[in-house]
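Go by the hints and put chain B onto chain A.
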Amino acid sequence: MPGGLEFSGRLPGAFHAAGSSSFTEFLTQVAPELLPGRRPLPAGVALDVAGQLPHATTIVALACADGVLMGGDRRATMGNMIAQRDIEKVFAADAYTLVGIAGTAGVGLELMRLFQVELEHYEKIEGTMLSLDGKANRLATMIRNNLGAALQGLAVIPLFAGFDLDARSAAAAGRIFSFDVAGGVYEEHGYDSIGSGSLFAKSSMKKRFRPGLTSDEAARVAIEALYDAADDDTATGGPDLIRKIYPVIMVATAEGTRRYTDDETEALAESIIAERRENPGS
Amino acid sequence: MQFYASPEQIMRDRSEYARKGIARGRSAIVLSYEGGVLFVAENLSTALHKVSEIYDRIGFAAVGRYPEFENLRSAGVRLADLHGYSYDRRDVNGRQIASAYARTLGAIFTDQSKPFEVEICVAEVGPTPDADQLYRITYDGSVQEEPGVVAMGGQAESISGGLRTNHHNDMTLAQGLKLAVDALGSVGGENGKPRKLAANQLEVAVLDRQRAGRTFRRLVGLALSNLLETTEAATDKPAEPASETPPDRKDASSPGDQPQPPSAPGTPADNASGKQPAPADEKPAGDKPAGDKPAGDKPAGDSAAGSKAADDTPTEKADETPDDEG
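As given, the protein sequences belong to chains A and B, one line each in that order.
Mind the numbering: the first sequence is residues 22 to 303 in our numbering, read in order.
Mind the numbering: the second sequence is residues 23 to 348 in our numbering, read in order.
Calculated directly from the structure, the hints in this document are not laboratory data.
Keep in mind the model is a prediction, meaning the values are calculated, not measured.
Be careful, since some hints might not be right.
Okay, the calculated bits of chain B under chain A, using three or more residues with CB under 8 Å as the criterion [to be verified]:
1) 92-100
2) 105-111
Listing some non-contacts, in silico: residues in chain A with all C-beta distances to chain B over 12 Å [as the list claims (entries may be wrong)]:
3) G30
4) R31
5) A38
6) A39
7) Q73
8) R106
9) R134
10) V138
11) E141
12) E208
13) K227
14) E285
15) R297
Backbone N, C-alpha and C define an ideal beta-carbon position, used for all residues, glycine too.
Next comes chain A alone, as it looks inside the complex:
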């Protein structure tokens, strides 16, 4: 087992150290090889990974009346190939927050898993949750640690959204944070998108978003934005009616996080497609 036991069978000192409630810090001491961003990469070489590793693509997030909603398409690409048709890129990080990832899927999924454990670990050790800003800063630190790999082509960028339990009202509780590879955190207002199709998704949301959307309306706006992104970006997948693969939509509210069922997203996607059939655009 990683970390190992002492000769006497006693757990090593790091397990008993007081003061740290961060799982990442603990890993640094007992099993640094498990940390993302700590692996030596060939120096001075920029890898051409786009064609060789799966990449996750478009994520959208928008605030709604009772919290915040996040959606992601289901495609992972490897250069001109489709690596996976039904990848999931939007996750609940804990009971009140959502994370979507874009970029190198392998690194992103690992970061995501570490971030989930990090939040849960803090909560269990301290007996209380991190604040929403605390969580965003923690995620930024993890992205920053990946900077070396990012500069060599293994970049990953998350989009973070959550229900802020300390907000003054429910309408202000849904908050969205975006990041850059250097670890910058930027709070976004209303809506945001990341990934290859983000340009198109953002333009789509710019026209359709308004403050105070219900979560169902927001889900519709999100799926439309992903549809628009898929329309113009080959790396973003649209709703796949044949295989019944629809975007993942998750919402974080005072009640916690919830994933829209496939039936719900199917109904939304089909009604959007029916509308587009009338007016496909050119």
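Relative to chain A, chain B alone:
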């Protein structure tokens, strides 16, 4: 000048020291019921927990010196999280945690001049009550798997007899809670009379069998006092099996309706019980006993207690950060 002391003598002295320390604290009970595993500890503090979450289906209860079991608790959380992160969440089980605790406590007992004055229970909730695993680990690292119910602490001997006779695996939550609360109250009263414990003297949590993912849930505030009232009401009904209430506890509710303070005040060795209780109804009624979703309070801003909406998460919650110093 070094005197010779035989190993037997040294071990006996350490055991006696540890036992004395543990005996000063108040007891805790862990039991299986139909819907999961129930933890009940006598604890006046709402922030310094004796019962807590280790992993998805694993909980922890301890009695004795707070800084020592808090140390063990965080080691357990670290071990479980490390294991779950290295392999998979399903690969973490109660036996691993219990055996790590046993070896750690065993090593401390033999290597260090002062043993840990703690007794801990690691409980894993299974798909059925028969599959629940309750491990009791004592100060010297000996570990026992006890089926159904574990009582720990100074008066464990005197309360475990009645507990074991009256416990059965298909109890409801309310019945299990009543059994545990009566057992905790059966000792420490004046002139051997049973005490009546109120919600603010208890720390109660469950591992919910039906829930997926993290099953640990605290019962606090109104959720707990309502459940306690239900069990009080149930005592008056003949519907409950007569064997449920042992003859010597029939009058559990009679010595005045006011909860009595424990006759033995918290000693410095029992810091976790030393704080004044908060009024039981101060918090919003968050955790519903049977809700399988986090019972959401109104979002912040609707009340002065806005920032306390965090109490309603499905997971372990406390208003304050537990003090490492205890």
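Hints and how they fare:
no.	hint	in the structure
1	92-100	holds (count 5)
2	105-111	holds (count 4)
3	G30	violated (3 Å)
4	R31	violated (4 Å)
5	A38	violated (9 Å)
6	A39	violated (5 Å)
7	Q73	holds (27 Å)
8	R106	holds (24 Å)
9	R134	violated (7 Å)
10	V138	violated (5 Å)
11	E141	violated (7 Å)
12	E208	holds (18 Å)
13	K227	holds (27 Å)
14	E285	holds (17 Å)
15	R297	holds (35 Å)
Checked against the numbered hints given earlier, the structure breaks hints 3, 4, 5, 6, 9, 10, 11 and satisfies all the rest.
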